[in-house]
Amino acid sequence: MIREAILWMGGCFSPEQYLFWTRIQCIAWTAADVVIVFYMLRLANLARCTLGEPLHRWPYFVLGATLLPLPGVVLASGGWAVFGIELLVTVPHFCLIVYVLAVNMRLTAAFLQRLLGGAPSP
Amino acid sequence: MNVIVHGNAEHLSEAVLYARQVFYRHTLVESAGLFWLLAEFLILFAVLAGRRYLETDPVSRTFRWTGRDTQRALTLGVLFGVLAVFTYGRHVFLLPVHAFLLVQPDAADAAFLDAVAQMTRQRNGEHLVLWAAFVTGWVVLEVLIVYHGWRGHLLLRRLLDSSSPPSGGFTGNSRGGAVVVAGLLAFLLVPVAGAVTALQADNGLVQTMRAAYAAQTGYRDALYLYLRLAGVVWILVEWGAAVILWRAYRLLTDKVARMGERE
Numbered sequence: 001m002i003r004e005a006i007l008w009m010g011g012c013f014s015p016e017q018y019l020f021w022t023r024i025q026c027i028a029w030t031a032a033d034v035v036i037v038f039y040m041l042r043l044a045n046l047a048r049c050t051l052g053e054p055l056h057r058w059p060y061f062v063l064g065a066t067l068l069p070l071p072g073v074v075l076a077s078g079g080w081a082v083f084g085i086e087l088l089v090t091v092p093h094f095c096l097i098v099y100v101l102a103v104n105m106r107l108t109a110a111f112l113q114r115l116l117g118g119a120p121s122p
Numbered sequence: 001m002n003v004i005v006h007g008n009a010e011h012l013s014e015a016v017l018y019a020r021q022v023f024y025r026h027t028l029v030e031s032a033g034l035f036w037l038l039a040e041f042l043i044l045f046a047v048l049a050g051r052r053y054l055e056t057d058p059v060s061r062t063f064r065w066t067g068r069d070t071q072r073a074l075t076l077g078v079l080f081g082v083l084a085v086f087t088y089g090r091h092v093f094l095l096p097v098h099a100f101l102l103v104q105p106d107a108a109d110a111a112f113l114d115a116v117a118q119m120t121r122q123r124n125g126e127h128l129v130l131w132a133a134f135v136t137g138w139v140v141l142e143v144l145i146v147y148h149g150w151r152g153h154l155l156l157r158r159l160l161d162s163s164s165p166p167s168g169g170f171t172g173n174s175r176g177g178a179v180v181v182a183g184l185l186a187f188l189l190v191p192v193a194g195a196v197t198a199l200q201a202d203n204g205l206v207q208t209m210r211a212a213y214a215a216q217t218g219y220r221d222a223l224y225l226y227l228r229l230a231g232v233v234w235i236l237v238e239w240g241a242a243v244i245l246w247r248a249y250r251l252l253t254d255k256v257a258r259m260g261e262r263e
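Residue numbers (our numbering), protein chains in the order written: chain A, 1 to 122; chain D, 1 to 263.
Simulated from the structure, these hints should not be mistaken for laboratory data.
Idealized CB from N, CA, C, for every residue including glycine.
For each label pair, taking beta carbons as the anchor points, the in silico distance ranges come out as:
hint	chain 1	residue 1	chain 2	residue 2	range
1	D	Val85	A	Leu19	30 to 36 Å
2	D	Val140	A	Phe20	24 to 30 Å
3	D	Gln104	A	Ala65	43 to 49 Å
4	D	Val140	A	Ile24	20 to 26 Å
5	A	Glu4	D	Arg90	25 to 31 Å
6	A	Leu19	D	Asp254	40 to 46 Å
7	A	Phe20	D	Arg68	43 to 49 Å
8	D	Asp114	A	Val74	41 to 47 Å
9	D	Asp254	A	Trp8	52 to 58 Å
10	D	Phe93	A	Trp8	29 to 35 Å
11	A	Ile27	D	Val140	19 to 25 Å
12	A	Pro15	D	Leu79	32 to 38 Å
13	A	Trp8	D	Pro58	54 to 60 Å
14	A	Leu7	D	Thr66	49 to 55 Å
Only chain A is shown next, with the shape it has when bound in the complex (with noise of 0.2 Å):
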């Protein structure tokens, strides 16, 4: 019965549609992740802002890079360059979120120290 089931859901599910939805969902997600990694850049940046700490720069070159190959997710032929794109985009998003909690996860104490106890900037 559970094959059946599976059957019938696939019926209802042409590889067109698929692609279709995959690339409307594709751009959906990978704004938000775009989004996410900005003000994340951006919350590091106050931080160390208020610290006397140096920016972040190169990150959001690197975020304006994976934009570029973005289009493509519109003009991919089929599902495998799609899943390519995706690697070229989120690969970097997530690295850049996982460096940026492991070099300023320290520093965020200092942070919220510094907006609790009101002491002023260096």
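We have chain A; now place chain D onto it with these hints.
Structure of chain D alone, referenced to chain A:
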């Protein structure tokens, strides 16, 4: 369907190349899935650690690694390790098609073709199920990340609304980010080149494998539907995370601005 001529080593060699290429493609896709899972695990750990830090009363001057962090790191690490071992290690017990073909004699009767077709269907089915499990894992992890991130945001807002007295200086930065990124990228050293080229051989054995893949179209399309339904949830959760981060940024920016006004 053509039956391979007895003793046609060239056809067998082309079939091995075709099956190996499909194996590399599946491995590349599964490696990407593991990479995304690992990144989600790391982000979840960071969010949990951040929330734990905000829950301490009073909030500590420095971020200290506690026993609870160690416990969580070990749990997530073991879970990911099991997933990785299963993903790559299953091929030791569930022989890939190309490995099966390599140990066969030149004989290519109907029984052999049936065995190849069945094995192709099984390996493809396992790959589809594994991918569905990965997609489910990403969505579950992302929901956990957003939930704990939102709870952390509420704690932060409460802390900033009722600021504590000053409690001392601050520490320096960690340079562990580059090491973590290098580790993540290591997952993508799985043979990529073999997965992106197209093999045009079309002998009887290759046709058998192609037909076996085609026979599973119904299951593949059902998986595609599941992926797109999971994608809807994923998008909603991702935008939830984006809104939480934006609000946290606004909250902290306002606080910094108020500090500047007091000075």
